[in-house]
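Residue numbers (this note's numbering), protein chains in the order written: chain R, 1 to 327; chain B, 1 to 327.
Hints were generated in silico from the structure; no laboratory data involved.
Since the structure is predicted, the reported quantities are computational estimates derived from the model, not experimental observations.
Fair warning: there could be bad hints in the mix.
Stated by the list, open to error - Output of the computed footprint for chain B on chain R, the stretches with three or more beta carbons under 8 Å from beta carbons of chain B:
| no. | stretch |
| --- | --- |
| 1 | 47-54 |
| 2 | 80-94 |
| 3 | 99-110 |
| 4 | 180-192 |
| 5 | 239-246 |
| 6 | 252-261 |
Claimed, not checked - Far from chain R, by Cβ distances over 10 Å, these chain B residues were calculated:
| no. | residue |
| --- | --- |
| 7 | 2 |
| 8 | 47 |
| 9 | 60 |
| 10 | 177 |
| 11 | 240 |
| 12 | 275 |
Backbone N, C-alpha and C fix where the C-beta goes; we use that ideal spot for every residue, glycine too.
2 protein chains.
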Amino acid sequence: MTVLILTGEEDVTADMVVVHLNASSVPVVRLDPADLTAGVALSGEYVHGSFRGHLSAGGRLVSVNGLRSVWVRRPGVPASRAAQSSAWLTEEASQALYGMLRGCAARWMNHPDAARRARHKPWQLRLAQRSGLPVPATLITTFPQAAREFAERFPDLVVKPVSGAHPQEPPRAVPTSRVAPDTDFGAVAYGPTLLQRRVAKRADIRLTVVGDTLLAARKATPADADPDEVDVRFATSDMPWLPTEVPPRVAAAVRTYLREAELVYGAFDFAEDADGTWWFLECNQSGQFGFIEVETGQPIARTIAEWLARPTPEDRDHVKGRRTVAP
Amino acid sequence: MTVLILTGEEDVTADMVVVHLNASSVPVVRLDPADLTAGVALSGEYVHGSFRGHLSAGGRLVSVNGLRSVWVRRPGVPASRAAQSSAWLTEEASQALYGMLRGCAARWMNHPDAARRARHKPWQLRLAQRSGLPVPATLITTFPQAAREFAERFPDLVVKPVSGAHPQEPPRAVPTSRVAPDTDFGAVAYGPTLLQRRVAKRADIRLTVVGDTLLAARKATPADADPDEVDVRFATSDMPWLPTEVPPRVAAAVRTYLREAELVYGAFDFAEDADGTWWFLECNQSGQFGFIEVETGQPIARTIAEWLARPTPEDRDHVKGRRTVAP
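Generate the whole structure from the sequences, applying the supplied hints.
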């Protein structure tokens with residue numbers, strides 16, 4: 001049973017996981033959907049009530065029914081590197097590849113449907129609330145008056161994009177910014193705006209969850225930090241990321257969140273306040289983990305490799321007289 | 001409790017359903033996401049562990065928590081009619097609107113995730129097989145050799161797009177076509193190709209399913225029909241669509257299909273062969289039904305209206321001493 005990794009050619013984070021898979025002799029096929037019809041080929045046959053499918057990449061042929069797991073890392077746009085690429089060919093290639101893979105029994109990290117849903121920030125906030133995670137008061141609105149009233153109730157606010165996307169090309173991350181006290185909010189009418197109570201933080205928390213494993217890292221906020229430096233990704237602090245314990249209540253809530261979200265991988269961002277409360281900011285279902293692993297030494301790549309390599313029920317049937325995993 | 005209909009302004013099929021909803025005095029809000037920030041506004045507040053959201057369209061304000069059901073008919077691209085439309089604004093507006101709606105308890109026809117998954121034809125074929133529906137032998141491939149071998153085993157083939165999309169602008173439907181006996185299949189290498197055994201049909205079947213209600217229509221194939229006229233949408237036949245009974249085995253399989261697909265509306269296309277077997281061709285989760293209703297008189301619009309209007313558990317709590325729906 002093979003592990004399928006969907007990602008681009010240059011992906012050192014995927015490389016980190018492949019090293020562990022190779023070390024445990026688990027067969028791996030790595031494939032970029034962008035290479036479909038030029039380097040990557042597929043075939044699936046539906047005859048007499050059953051399905052037989054194959055993928056070919058880099059000269060290797062793998063059976064779709066023989067896939068143990070699929071890791072959707074950073075796949076390219078299907079067929080985008082084909083000789084005659086077009087929106088139509090992309091649609092055809094996407095439907096063919098993912099349509100075939102969706103029908104197989106492999107475990108997904110993460111399933112495309114769950115991944116897509118999980119990107120909706122309003123949905124994240126609601127699920128975090130329901131899972132028992134503290135969520136800073138948040139407003140998403142196109143009503144200037146609603147924004148003004150919210151700013152009266154919560155005078156210390158930050159603003160961030162609803163989608164996380166950047167309005168300019170090439171796309172890059174938009175820093176979360178502090179809202180000036182005299183902001184007018186009239187422009188809110190032209191596009192949904194996300195306003196959130198600023199958490200006066202003493203640390204940033206990155207909690208990486210892989211299956212049942214929780215690995216938390218903490219980056220303390222310097223005592224003399226500029227309160228306008230809201231976004232850890234753009235902060236000038238040279239405090240290190242250090243491993244930290246996950247409070248049991250947070251651990252339980254995070255497990256609930258991921259179960260409801262049908263995700264097996266999630267990178268949670270929290271802001272820790274002066275009372276030690278972890279405030280939910282977001283959960284990125286495809287969040288990077290390389291920088292955390294490098295700084296903290298936490299075995300994230302190995303844990304992902306172990307999850308992907310976990311024996312299937314079929315494998316276990318072949319192991320006589322011995323269970324390799326819990327039922 | 002309000003019914004929310006997401007669709008464009010000109011949608012006579014939606015009009016047919018609204019007539020029935022109005023007749024039963026169920027509140028309806030109709031909204032095109034394309035009008036976001038220009039005519040349509042939204043606001044959602046996440047404070048103290050709870051959510052309060054509102055949508056405004058055509059001067060009407062509706063509470064998101066007060067939605068009974070959401071009918072995703074033919075919604076426009078979010079914010080595409082805004083004064084300063086852009087891919088970024090579309091992404092922001094889409095995440096804000098659908099992110100909020102995804103968090104509410106309303107019933108969906110159909111849920112966006114289920115709808116998206118259901119468009120994958122390879123996935124449809126596999127699910128149809130598993131649900132016990134007869135599926136004509138099908139191959140989806142980029143291997144010319146696989147296509148050649150398939151054509152040897154099944155000499156009478158049709159070809160259709162994997163995605164149903166058309167390579168040219170403006171998009172239109174691509175007719176399913178018969179494959180000529182001397183086809184070379186070399187071009188298969190440049191794009192996934194769907195080949196399917198042609199069913200020698202004596203009728204086309206359109207089975208429209210709304211919740212638990214199955215409404216089947218049958219259009220007989222004229223005895224002198226040209227066998228190259230494979231696609232009923234493009235056929236010149238003037239045979240009428242007539243209501244027909246659903247064989248019990250098909251009914252059970254179709255219910256299994258929709259339950260597994262998490263769809264509450266589906267328009268199935270079958271080809272009926274000389275033995276009376278219904279061969280599964282596809283299930284369109286947003287298939288048109290107006291033409292069938294007009295020709296057969298089947299009450300599809302009314303059935304949709306009834307499903308959308310069905311009381312929620314909350315409504316039922318307010319009905320004293322009397323149950324309006326089965327538990």
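Quick rundown of the hints versus the structure:
1. Residues of the stretch 47-54 of chain R lying with their CB closer than 8 Å to a CB of chain B number 5, which satisfies the three-residue condition for coverage.
2. By the rule of at least three residues with a Cβ nearer than 8 Å to a Cβ of chain B, the coverage given for the stretch 80-94 of chain R holds, with 10 such residues.
3. Under the rule that three or more residues need a Cβ within less than 8 Å of chain B, the assignment of the stretch 99-110 of chain R holds, with 4 such residues.
4. For the stretch 180-192 of chain R, the assignment as covered by chain B holds, since 4 residues bring a beta-carbon within under 8 Å of that chain's beta-carbons and 3 suffice.
5. For the stretch 239-246 of chain R, the proposed coverage by chain B is not satisfied: 0 residues have a C-beta within less than 8 Å of a C-beta in that chain, short of the threshold of three.
6. Beta-carbon proximity to chain B at under 8 Å applies to 0 residues in the stretch 252-261 of chain R; the threshold of 3 is not reached and the given coverage is violated.
7. Under the 10 Å C-beta cut-off, the non-interface status given to residue 2 (chain B) relative to chain R holds; the minimum distance is some 19 Å.
8. Separation of residue 47 (chain B) from chain R is inadequate, the least Cβ-Cβ distance of about 5 Å not exceeding the 10 Å criterion.
9. No beta-carbon of chain R is positioned within 10 Å of the beta-carbon of residue 60 (chain B); the least distance is around 14 Å.
10. For residue 177 (chain B), the non-interface assignment is confirmed: its Cβ lies about 16 Å from the closest Cβ of chain R, beyond the 10 Å cut-off.
11. Remark: the non-interface label on residue 240 (chain B) is consistent with the geometry, its nearest Cβ contact in chain R lying 32 Å away (cut-off 10 Å).
12. With a cut of 10 Å on Cβ distances, residue 275 (chain B) stays outside the contact zone with chain R, its closest approach being about 17 Å.
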